[in-house]
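We have chain A already, so just place chain B on it with the hints.
There are 2 protein chains.
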Amino acid sequence: MPTVRVYVTLKPSLLDSAGRTVSGALQKLGFSEVEEVRIGKLIELKVDSYDEVRVKEMCDKLLANPVIEDYRIEP
Amino acid sequence: MPTVRVYVTLKPSLLDSAGRTVSGALQKLGFSEVEEVRIGKLIELKVDSYDEVRVKEMCDKLLANPVIEDYRIEP
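Keeping their order, the protein sequence lines are chains A and B.
For the first sequence, counting from 1, position 25 maps to 26 in the working numbering; every step adds exactly one.
For the second sequence, counting from 1, position 3 maps to 4 in the working numbering; every step adds exactly one.
Any given hint could be a false lead.
For chains that are exact copies, the list does not tell them apart, and a pair is met inside one copy or across any two.
Heads up, simulated PhoX-like pairs for lysine-lysine below, C-alpha to C-alpha not over 20 Å straight-line [said to hold, decoys possible]:
1. 47 with 62
2. 47 with 57
3. 12 with 47
4. 29 with 57
5. 12 with 62
6. 29 with 62
7. 47 with 29
8. 57 with 12
9. 12 with 42
10. 12 with 29
Honestly, the hints are just simulated from the structure, not real lab data.
Quick caveat, the model's predicted, so the values are computed rather than measured.
Next comes chain A alone, as it looks inside the complex (with noise of 0.2 Å):
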């Protein structure tokens, strides 16, 4: 049985608070040379058979909310 990988991240354009948190944190634990840290979803997906244009689908009509998020697929 296949697993899909979906990425989904946020928008470039967009500020990622949660982001924005871990990066202070990690200065504050002495990682200086963290620049920018930005956090999206990995979705693993179980299915019977792949096919390219329903997973498309499913991003499009579940997964990923596309005004504010991008996605990619990775069989």
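The following block gives chain B in isolation, referenced to the frame of chain A:
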């Protein structure tokens, strides 16, 4: 400036309730080929310089919960 990707996922033995909810929703939307869904985090770190030991430290100290999560680093 290098970008390092860290994939944080729930340990396989753990029930993924968020993933189960998404799986149910996809089924209701007619995507019956979906067997299982697991949801993790994709963390993108922009760093001055890449040092795997340091990134592992960031994961162990903050980015992943070693009790319930696994992580994978992709330079």
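So, going through the hints one by one against the coordinates:
1. In this assembly of identical chains, residue 47 and residue 62 lie within 20 Å of each other by CA distance solely inside one copy; the values are 18 Å within and 31 Å between copies.
2. For the identical chains of this complex, residue 47 and residue 57 are intra-copy neighbours only, at 15 Å inside a copy versus 28 Å across copies, given an alpha-carbon limit of 20 Å.
3. Taking CA atoms no more than 20 Å apart as the test, residue 12 paired with residue 47 passes between copies only; the shortest distance there is 16 Å, against 26 Å inside one copy.
4. In the homo-oligomer, the alpha carbons of residue 29 and residue 57 lie at most 20 Å apart only across protomers (17 Å), although the nearest pairing inside one protomer, at 40 Å, exceeds that limit.
5. In the homo-oligomer, the alpha carbons of residue 12 and residue 62 lie at most 20 Å apart inside one protomer (17 Å), although the nearest pairing across protomers, at 28 Å, exceeds that limit.
6. Proximity of residue 29 to residue 62 under the C-alpha cut-off of 20 Å is restricted to the inter-copy arrangement: shortest distance 12 Å between copies versus 39 Å within a copy.
7. Taking the closest pair of Cα atoms, residue 47 and residue 29 come within 20 Å of each other only across two copies (16 Å); inside a single copy the shortest separation is 39 Å, beyond that limit.
8. Proximity of residue 57 and residue 12 under a CA criterion of 20 Å is satisfied intra-copy only: 17 Å inside one chain copy versus 27 Å between copies.
9. Taking the shortest Cα distances, residue 12 and residue 42 sit within 20 Å of each other both inside one copy (13 Å) and across copies (16 Å).
10. Taking CA atoms no more than 20 Å apart as the test, residue 12 paired with residue 29 passes in neither setting, with 27 Å inside one copy and 28 Å between copies.
Going down the numbered hints, you'll see the structure goes against just number 10.
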